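Please model the complete structure; the sequences and the hints are all you need to start from.
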Amino acid sequence: MAGIRLAVPSSATKGEIIEIKALIQHAMESGFRRGSRGEVIPRDIITRFECRYNGALVFAADFHPAIAANPLMTFHALADKSGVFDFTWTDQAGQVWHDSAEITVT
Amino acid sequence: MKRIVATLLLSIMVACAPGSDPVPELSPEGVLPPEDIRSGYAFLTPETQRLQDDRFENPGYLWVDRGAALFEAANASTPACASCHSDGMEGVAATYPAINETSGALLNLEGRINQCRTIHQDEDAYEYESDELLALTAFVAAASNGAPQSVEISDRTAPYLETGETYFRTRRGQFNLSCQQCHTETWGKKLRGDTISQGHSNGFPAYRFEWQSMGSLHRRLRDCDTGVRAEPLPFGDETYIALELYLAARGNGLEIETPAVRR
Chain A
-9 MAGIRLAVPS SATKGEIIEI KALIQHAMES GFRRGSRGEV IPRDIITRFE
41 CRYNGALVFA ADFHPAIAAN PLMTFHALAD KSGVFDFTWT DQAGQVWHDS
91 AEITVT
Chain B
-7 MKRIVATLLL SIMVACAPGS DPVPELSPEG VLPPEDIRSG YAFLTPETQR
43 LQDDRFENPG YLWVDRGAAL FEAANASTPA CASCHSDGME GVAATYPAIN
93 ETSGALLNLE GRINQCRTIH QDEDAYEYES DELLALTAFV AAASNGAPQS
143 VEISDRTAPY LETGETYFRT RRGQFNLSCQ QCHTETWGKK LRGDTISQGH
193 SNGFPAYRFE WQSMGSLHRR LRDCDTGVRA EPLPFGDETY IALELYLAAR
243 GNGLEIETPA VRR
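Chains as they are written, first to last, in the numbering used here: chain A, -9 to 96; chain B, -7 to 255.
Every clue listed holds true.
If you want a taste of the chain B side facing chain A, the calculated C-beta under 7 Å gives, among others:
| hint | residue |
| --- | --- |
| 1 | Leu54 |
| 2 | Asp57 |
| 3 | Arg58 |
| 4 | Gln204 |
Just so you know, these hints were derived from the structure itself, not from any lab. Computed from a predicted model, the values in this text were never measured in an experiment. We treat Cβ as the ideally placed atom computed from N, Cα and C, and that holds for glycine.
See below:
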């Protein structure tokens, strides 16, 4: 189970630049570490993060092994019209986590 | 030759004589004076302090959130934690470890949660350090966030406090160090790149950068024991719970900071 925390303002005025934060619980195991018996701990990372605003891609990021565990993304978007921000995280095996937040633009 | 040795011995004895050792900071019992007690927070960089204070960015809240969900969750056959504890858990964690009135044993928060699970919910106890137990413990402890730590110091807790204090003051491991030597006598000085803290427990379970995860106080104690190259005790060990009580008593009055962020 992955915990997700989102911070999207519930309301904004049209044309306002809003700050968005998205945090997901993930080990982001780099694949370079070794266990107590010397065996390599296999790589297990999220590779892609996307944020869509009413279906349009507004922010995306490719993750690599140097990203710390429980990655936090902070970015900005232009509040245009009321709708939904969709967030997806995809890991190296294709598993997807998803969450969304609504915003009212006046 | 004999004379030189004798002089040498005499000078060593003089150097070790009581009263000549300048340690004015320590109170006679070797306990931190109340005005000097500082949370681990005081030894963090400003950036890490900000991360802990930010209720969104602090990664420990991932566990608190999950704990809140578990607290409300009920199986078909068993009641949820929330169905008994409908008033919430505010202030409870500040008094733990505490003597359990039913069993008479000293229980820490983890032990108390598992007791509820086995007795009232008819479920198996969570494994120590499992994500579920960390989440519930973090949730219950975070409900006391800001409350002053106030464990019972009385005749009935005295034997546990003594066990805890003995562990705290006993030198161990290949480095032959006691907790006391670093965390009471040398706090504020540097150990490699780190500033030595006073070793308080008010932020646990805490999110540590070294772990990249939430961890219990016992995990931290095991790290300390491993750090001085001693054999760590098992998770949930009675001696660790007694030590937990001594640590809390030694920091009584400090505000609960769970979920704290530590190095």
